[in-house]
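Input sequences plus hints: build the corresponding full structure.
Residue numbers (this note's numbering), protein chains in the order written: chain Y, 34 to 148; chain Z, 23 to 136.
These are calculated hints, taken from the structure and not from any lab test. Please note that a few of the clues may not be correct.
[Stated by the list, open to error] The calculated DSSO-like cross-link candidates involving lysine-lysine, where the alpha carbons are at most 30 angstroms apart (straight line), are: (1) LYS42(Y) to LYS71(Z); (2) LYS104(Y) to LYS90(Y); (3) LYS42(Y) to LYS83(Z); (4) LYS104(Y) to LYS90(Z); (5) LYS104(Y) to LYS42(Y); (6) LYS47(Y) to LYS90(Y); (7) LYS71(Z) to LYS90(Z); (8) LYS90(Y) to LYS83(Z); (9) LYS103(Y) to LYS42(Y); (10) LYS90(Y) to LYS103(Y); (11) LYS71(Z) to LYS83(Z); (12) LYS42(Y) to LYS90(Y).
[Claimed, not checked] Sample of chain Z residues facing chain Y (criterion: CB under 8 angstroms; computed from the structure): (13) GLY84; (14) PRO124; (15) GLY129.
Backbone N, C-alpha and C fix where the C-beta goes; we use that ideal spot for every residue, glycine too.
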Amino acid sequence: NAGVTQTPKFRVLKTGQSMTLLCAQDMNHEYMYWYRQDPGMGLRLIHYSVGEGTTAKGEVPDGYNVSRLKKQNFLLGLESAAPSQTSVYFCASSTAPDRGTGEQYFGPGTRLTVT
Amino acid sequence: AQSVTQPDIHITVSEGASLELRCNYSYGATPYLFWYVQSPGQGLQLLLKYFSGDTLVQGIKGFEAEFKRSQSSFNLRKPSVHWSDAAEYFCAVRLGGGSYIPTFGRGTSLIVHP
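Laid out in structure tokens, this is it:
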């Protein structure tokens, strides 16, 4: 049971380049989330998904897109990277509220630098 | 709007000393409450949670937290801190019912002196 995994662990992009971050979970969780973490800002929710084929915007969605084509995977895309997107990105998953207390399980993070 | 406040950005304690990290929230009803720990370079790990019942909950690594409805608080405690407890600690709150998006506090960084 690997829990939540993220690929890649590190990445350096030039301004304007695109990339996709992959999150995978093997706990059969319905809900998945993408956060970014910046010094002094805590965790900020980018996008989330409550099930396969559904996504929704979080607190800071601009500049990002997501897809959840399979229940176990949640992809975060940057179409045209900007230096302001330099951050550590965390994926998380949880059960649905009616199936438990909804605590989140986090991946190890992806450190992204945009130059 | 719902909010979670961790008033201490940094806390420094000596190894072996007791610890209390504060968390306050603003909600009308009793929410689901969580404490997570983040070791350097790692993701967040659940320490403990509260959703009903006994207001004193036990977690992993010797941590406990007490829910106080009258103070809208969920403070994290440990009687004797170990050097390995140095980490970032996050309080999170989720409304009950069908709400599934938690709100996180900004975190408290714990520094442990030998």
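Structure-based check of each hint:
1. LYS42(Y) to LYS71(Z): 29 angstroms, holds
2. LYS104(Y) to LYS90(Y): 18 angstroms, holds
3. LYS42(Y) to LYS83(Z): Within the cut-off at roughly 27 angstroms; holds.
4. LYS104(Y) to LYS90(Z): Distance of about 37 angstroms is beyond 30 angstroms: violated.
5. LYS104(Y) to LYS42(Y): 22 angstroms, holds
6. LYS47(Y) to LYS90(Y): 25 angstroms, holds
7. LYS71(Z) to LYS90(Z): 14 angstroms, holds
8. LYS90(Y) to LYS83(Z): Violated: LYS90(Y) and LYS83(Z) sit about 35 angstroms apart, past 30 angstroms.
9. LYS103(Y) to LYS42(Y): Roughly 21 angstroms separates the two Cα atoms, so the pair holds.
10. LYS90(Y) to LYS103(Y): Given pair LYS90(Y), LYS103(Y) holds - Cα atoms ~18 angstroms apart, limit 30 angstroms.
11. LYS71(Z) to LYS83(Z): Status holds; Cα separation ~14 angstroms.
12. LYS42(Y) to LYS90(Y): Given pair LYS42(Y), LYS90(Y) holds - Cα atoms ~24 angstroms apart, limit 30 angstroms.
13. GLY84: 19 angstroms, violated
14. PRO124: Since chain Y brings a Cβ to about 7 angstroms from PRO124(Z), closer than 8 angstroms, the hint holds.
15. GLY129: 5 angstroms, holds
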